[in-house]
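Participant: If you want the building blocks of each chain, they are given just below.
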Amino acid sequence: MTYTQTPSNQTHPQTTYGSHIWINNLTKSYGELTVLDRFSLEISPGEFVAIVGKSGCGKSTLLRLLAGLEDPSHGEIKLDGQRLAGLNTKARVMFQDARLLPWRNVLENVSLGLSLQARPRSHWALQQVGLDNRAKDWTTVLSGGQKQRVALARALVTQPNLLLLDEPLGALDALTRIDMQRLIETLWQEQQFTALLVTHDVEEAVVLADRVVVIQNGRIELDVAVNLPRPRDLANPELIRLKQEILHRILKK
Amino acid sequence: MQTIRRRNTFSNLTTAIPWDNIIPWVMPAALILLWQVLAQIGVINSRILPAPTEVVQAAIRLTLSGELFKHVTISAWRAVVGFLIGGSIGLFFGVLNGVSRPAELLADSSIQMVRNIPHLAMIPLVILWFGIGDEARIFLVALGVLFPIYVNTFYGIRAIDPGLIEMGRVYGLNRRQLFSQIILPGALPSMLVGLRYALGNMWLTLIVAETIAASSGIGYMAMNAREFMQTDVVVVAILLYALLGKLADSSVRWLEKVTIAWHPSQNLK
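In order, the protein sequences belong to chains A and B.
Residue numbering for the first sequence follows the numbering used here, beginning at 127 and increasing consecutively.
Residue numbering for the second sequence follows the numbering used here, beginning at 11 and increasing consecutively.
I should point out that these hints are in silico values taken from the structure, not numbers from a laboratory.
There may be inaccurate statements among the hints.
Here are the simulated SDA-like pairs of lysine to any residue, each with C-alpha atoms no more than 25 Å apart in a straight line [stated by the list, open to error]: (1) A:Lys262 <-> B:Lys80; (2) B:Lys267 <-> A:Pro198; (3) A:Lys216 <-> A:Arg245; (4) A:Lys216 <-> B:Arg185; (5) A:Lys216 <-> A:Gln243; (6) A:Lys216 <-> B:Phe189; (7) A:Lys180 <-> A:Pro198; (8) A:Lys262 <-> B:Tyr251; (9) B:Lys80 <-> B:Tyr251; (10) A:Lys216 <-> B:Glu176.
For each label pair, taking beta carbons as the anchor points, the in silico distance ranges come out as [to be verified]: (11) A:Leu159 <-> B:Ser98: 41 to 51 Å; (12) B:Pro112 <-> A:Gly157: 22 to 32 Å; (13) B:Asn31 <-> A:Gly270: 55 to 65 Å; (14) A:His326 <-> B:Arg185: 26 to 36 Å; (15) B:Ala169 <-> A:Gly270: 15 to 25 Å; (16) A:Glu316 <-> B:Pro112: 41 to 51 Å.
A few chain B residues that face chain A, going by a derived Cβ cut-off under 8 Å, partial list only [said to hold, decoys possible]: (17) Ile127; (18) Ile170; (19) Gly173.
Yeah, the Cβ is synthetic: ideal placement off N, Cα and C, and Gly gets one too.
Using the sequences plus the hints, can you model the full thing?
Facilitator: Below, the structure written as structure tokens:
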């Protein structure tokens, strides 16, 4: 990826388009244990997909495979038609813990790995998450929600084609969580990257995703589209019904 | 309102006299005064412990004759050379074994075995190897410095949160950047702790090495003075060691302030 344009401060500098993901017959096993079993899934560019399931169902493994942090045992992942081998350079990951470097200030954390010319982008990314005024602060003085916002800015500063969210809001309090969900939704709508959210919170999945995929024992149990207008209202009866349905499917077995 | 105003005038008074800076010095000053009085009225024999004024006079005498400067420079030279040799070896193996499992398997247990030998117990062997020249003293200092640097560098690197390294990989850092931007800064607090221990060991080793066999240096000055019953010079030598040790410690403190200002140990506000 190269950036020739300099970012303007008001709007996002250029529209990036999301990756097309094609997962075919993917199997991942650790010794005897098969975590993902002949798993296939296609995600359109710019789509927001949520993966839900009980802990240990293989959803985090799927995310790590997509990030290129692990190699599949069998099967393949294709990104925009190209087979993924090694680290996925088009993807950025937001982890459950923010994983900020305590020896760098907020701005330096956002500009991690950026070339010198691309550094000014960090300010733009911080503006996107509303933390430009904290640029010079140490990350240790930030609240949990602010830390995750910095992590989000760090993930978005390179304008990735794919954003992988590994339960990034799991450790936040309920109110901060709603704020973060809104923020992620807004930035996703603006920048049109493909987003994959791994979560055990069904409500969060239904609020954010175009499609909710339930994984059970390494395979797809349910794949359901959420056709509700955004931003979604938690009190919407259709949303509540969908949430109940998905919960039942997960807890049934 | 009234209480606030009163408090303000009170604090104005207290800021005029910086009590917080004065109070820590009250005890030492009182002790020195007591020591002076006891020595002067003859309760303490000056052969056992000369009065502070006599110690100061001895220090001035040694400074003017150039003797003090000569001994301090030679001691400092031995300390620095030994520290640089031992420190770089410890740093090299600490980093190498920290980042590479094969290197750790190969070298760590050997280093740990040697580390458990008290290095001062090696003195007879070191004299047999090097004679009683500077090589022997520098070797001992290097040995005393090596292990604290090694151990703290090694564990500092190993204690880094693997999540941060994984994050660095996902965010496109290559191996060199991972090392310079995540591993090294993450290990630095522990490495500086190692540096502190190493500097303490450095002076301790040098004192012992210089008192046993030397013809120059602060330790020699003290031993020589003992033979002539110059207790004042012995006390000057001891105070010099204290001063140099304090100086080394303060410089590490300064280094910590500059390099790891982010660390909780630096009282981040």
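Participant: Going through the earlier hints one by one, which of them does the structure break, listed in rising order?
Facilitator: Failing hints, ascending: 1, 2, 8, 13, 17, 18.
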